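Engineer: Each chain, letter by letter, is given below.
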Amino acid sequence: MRVEQTLRLGHLYPKEMNLYGDRGNILAMVRRAQRRGIGLEVIQIQMGADGADLAASCSGFFIGGGQDLDQGAVAEDLIHLKGPVLRQKVAAGAPLLAVCAGFQLLGMHYLTASGTRIPGLGLLPIHTEAGSRRLVGNLMVSADPSLRLRDPVLIGFENHSGKTYLHEDLAPLGKVVRGKGNTGQSREEGAWRGSVLGTYLHGPLLPKNPELSDWWLRVALHLESLPALDDSLEQAARLEAMAVAQRTDSFSRFRLLGRGLSTKRGR
Amino acid sequence: MAGPDLRLMAAVGASRAVGATSRKLRLGGGTTLPGDFARALDPGVLRKLASSVRAGVVLVTGTNGKTTTSALLRTLVQGSGLRVGGNPSGSNLLYGLTAAALKWADVRGRVDLDWLVLEVDELSAPQAVAEVCPRGLVILNAFRDQLDRSFEIDQVAARLQEAVLGLSPGAFWVGNADDPRVASFESRGTAAGVTRTLFGLNDPGIGHTMLPAVVDSRSCPRCRAELEFSLVYYAHCGLYHCPQCGFSRPEPQVGAETVQMKGPDGLDMDVVGQAGWRAAVSVPLGGLYNAANVAAAMAAATAMGVDPALANTSLAQFQPSFGRSQLATWRGARFRLMLAKNPAGLDENLTAVLALDKSPVIAIALNDGVADGRDISWIWDVDMERLGTTPRLSFVVSGTRASELALRLGYAGVSSDRISVRPLPAEALSELAGRALPGVPVPCLLTYTAMLAWHSLLVRSGSGTPFFQAT
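Each protein sequence line maps, in turn, to chains D and H.
Numbering-wise (my numbering), the first sequence opens with residue 1341 and increments by one.
Numbering-wise (my numbering), the second sequence opens with residue 212 and increments by one.
The hints are simulated quantities; they were obtained by calculation from the structure and are not laboratory data.
Honestly, I wouldn't trust all of these hints.
Unchecked claim - Footprint (simulated), chain D over chain H, 3 or more residues, beta carbon under 8 Å: (1) 590-601; (2) 607-621.
Said to hold, decoys possible - Here are the in silico distance ranges between beta carbons for each label pair: (3) 433/H x 1563/D: 54 to 60 Å; (4) 1563/D x 422/H: 35 to 41 Å; (5) 1470/D x 433/H: 24 to 30 Å; (6) 400/H x 1458/D: 33 to 39 Å; (7) 344/H x 1427/D: 55 to 61 Å; (8) 452/H x 1474/D: 31 to 37 Å; (9) 1427/D x 400/H: 49 to 55 Å.
Keep in mind the model is a prediction, meaning the values are calculated, not measured.
Each residue gets a CB set at the ideal place from its N, CA and C atoms; glycine is no exception.
Next up, chain H with everything else stripped away, as it sits in the complex (with noise of 0.2 Å):
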């Protein structure tokens, strides 16, 4: 038997000192800065502490839905009675991968969970594959995101491939039936070891027969030729098939049915599995695409082992992560504190908003930092055109881009005095609170910066969980 790994010692002690001068001293919450000392200490530090979980690894990617469907699924697995660690707070480059597998390490670096399920960036998906070796890998979708970054959508889904093609036998993919590029990833099969599960939603009652004015990607992903789409639930995501070479959605194994929204933020549905299940799960989450992100986690989690009949019992004690529909209170008025960061994402969740929301003030802020990208052009591929056509909302626009928020409504058809420009976080929240109707949540669209001084902002004022909590 080998002796212990000094070296995977000295990065796990290092890391902990590290992380914990960093939360003295206020630089951070202590998400990245140890990762990045452990991984200097010991490059294989990762690798060494994934192989340590009980079960394994599952990594969860793709550009919209990450944080929510990893934390559901850590819900899910949780409500089996396992023992799951994760990295919420959204930190999900390798040195925050690292980080969060740090926090479980015992001081000789065995990592004491069953599963550890992990949130990562899609661009850095593929090394992260082939350094923990996951048992399983969700892949939720391919939109477009930060284009100064991430450039092209093709780039994304040429990485997002890769990752897939890097599991080793033994491992399970879960992957989007419903997006046309998820669909048609190679694996190395179930000959090499590789199963796939496939999750969709499978109700002909939601969704819309257009495609939105500007999609990300509508030609087939296998001979280029223009995907035709008999059902699109959102963004390019939906029933299509190719008229050129045959390629069509595939069966999804598991699919929500019969999805009900209550409300902005709650939604019913039954998911079905092909293996004869049927769960009816509730979960406090607005939005179409949320529907899909529980059926991917319910997919992950069956594949994990996890009886699909505790789901709705663990639901129940599921809380949206930081910034996923959001509930807090300031200077009396409510605000629903939602993270809008990409044409997808914003467009869906103004879909929500002006479906199930109340309120006639609605707040969108967006900032052009670089963890928000600094090319702001894709909020002109949004359909703002249906809030020109809805005299009942007034919007406050925020952020270093406030203005240029501004005149995209402008051009979308609301009247100037529809609209008020607050650059500032605290300018805005003070104007919504004295706007908001009593008990009724302002919706807030924010970009991740954005969404990060918001939230602090109304943490220092006492109301709302902390970002960087202990778990």
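Okay, chain D solo, but in the shape it has when bound (with noise of 0.2 Å):
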């Protein structure tokens, strides 16, 4: 069996798929893949038809959020252009990570509020709906138990209004512990099914949950497990992130109670 002696994570669509400070999460998996003395190179996969081949290229994927105006262009894209090789590394067990609106174009289809139908990769079994409010705030999720995390508590923040359905008998990411989720009702999170993953948890994703950039290098690697690293400074911001999705949470219920007597106020 050959050893890929370095990595090349394919970072698709860093110019659109930006929104909410993503290029941590290029940024955590290099560094959590240097401390362990394993090369990883980040490829940029930008809009046409070159990327495909550069993409072929690649041992894994990662798609961050964008802004609304910047999704049409980016959907047909991955679809038309990206789509192929995309599925191919994915059925060869190649990790994908989506947050967000990355998230959202694996899916089925995305339903607009006036009704009009855009198609996904349709790489996960989900659609989503356009819903009328944002579904805003921190989020805390009990992973999955058959992902593996050492630690399963995920920290993130959320801002979406589509909401998620998820299909068949596909699993959750994880269990809402605290915040909103797929849809504001389920009290289920992301998605996943073999080495794709996806997921509304920003903030960005992957340097508060370093077991979720493990989990992708060693889906990347074929491998059941890497040596721990000292996350003292992860766990610190962990530990703050926490505190603060409790205290939040606590006082937007607490809120809705009173919604009577408060006085709506910005700063």
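Build the complex from these two chains, which are given one at a time in their own frames, with help from the hints.
Structural biologist: Structural data, given as structure tokens:
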């Protein structure tokens, strides 16, 4: 068996899909690989036909969140130019991690508020419907044990108006502990199957959830586990974020109760 | 002749009482509550007050620089002998605008001012324009700010565009030629009596040739193709053109030339008007974005009839606004408080600090309150990597998300021994006071509510000017 010397991380649409600190996700994977002596090269995969060849050379992929105006063009490019290669790669076990709008794009379709059905890549049996209110706030999730994360608590921030529904028996990434999640009702967050994982968690996702960076790395390397690292900075930031999530979530419930009394005010 | 407007008089009277009570009970500085009451009693209060300002109202909006630019503009107008008021506390939603106008009103609801220069929140700008019918509107830039509130920069730009289209005949608007979004705004045009003045930086000796790692907007506002930049001043502002549709940076009518930075808080420049004037000015502000703010204020002031020849004398009286390069002393140590509330702002402040500051220690405080934006993911878009490669510097991180900052710095390559985590303002200030060099101010980069907290600590111990001043 040939062991890859250097991993190639395909960063899909870094210019268009970078809304919520997604640069931090790339940085996290690079640093965690580096600290273990694993070479990791970041390949920027832009819009256009030449991206397909680049994608064919990658060991795995990441796609972040984007602005509304950019997403139509990205969806077109993703389906028609990158789709065939990505399908092949993922079928062969290459990890694909998708955040927010990237997560939505992996689904079967997106139903806009006016009823238009925009097709997605179809890598995950999910679909998203435009919602009338945004689901915004700190988000804390207890991850699916089958993912075998050492610490199953995932922490971050969500900001989406699309509601994502899972089809068939697709497993969510985890259960919502604090926050809204896929629909605001299902208490489920994200989705995963095989080497494809999508989530609404940003903040960015990976620096505060090193277990997910390691998931990507071990799937890319076809390894069962990776050597542990000193994560004290990560742990401190996680604890701080969890405390905030607990505080702000109970605050929002309290606010809901007292809605009649509260007055709406910005800063 | 119509009789006195009793409803307006009631609103003015009630707001006075509320303001006084609010200050007495220390509920706040009385910068919004009186506005709330007055608007409840007379929903037309702001429109009526605005219409009684002798020359008119000028609104200043945009993501970054509102407070400083409106303060610069007031200084310029005041220096030409006119009576001008505003909302210097930065309370910039409609309630705050109303409260500011009320402060200058007599009992009958007439505002005794020549000009009222108000900064207004970007998202409130269209409604503010509709209510006050301003004589002038200044649009500084459209960056990302408080993602969980404004959501996306496209929406912010759409609101600003709406504000421009809402201007009445006889009005002028001033826009940033260097910001492609702002420069692309449509207006009703001179035929409809709306004039446009663009400002910008005209100095090939400043700026750089690469866009920052993550910029808010690099696509053409007209055709969405990727813009090409021959020069970048800050964030996505610079000299650009679109290879697809040909949209390019228009020539500004008011440009800042020969910009010189004099230490971390001083700028010299020549501001040049296409109309044939040139003014050499100095301001106690650092950072290139402040050169743009000066150009914006000069463009607006000249549109208001102020003689540019008076500018430098007037600006000699300029005092930085609350937390904008404001100096304070505490336990013998000097601090410079700088507001850094979004990626563009923090990035620019870091550039200024790294270029010109002598302090071996820098404070950064990140809060995630509602007024700061609960979503702090933006700090990952700031180019902190350059801090990793500056080993002479160490950092005190503070705020409700101090540990997140520590993690960010760690990923930027700053070793742990150079990072000290002090979440509470008092403990951060104490440590900084112990490590500051004599006479060298410690740069403190703070989000909005962190600024309030640090400022109140410094004021309580007797240094600095209080936030809620009478004017």
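Engineer: Return the numbers of the hints above that this structure violates; sort them in rising order.
Structural biologist: 3
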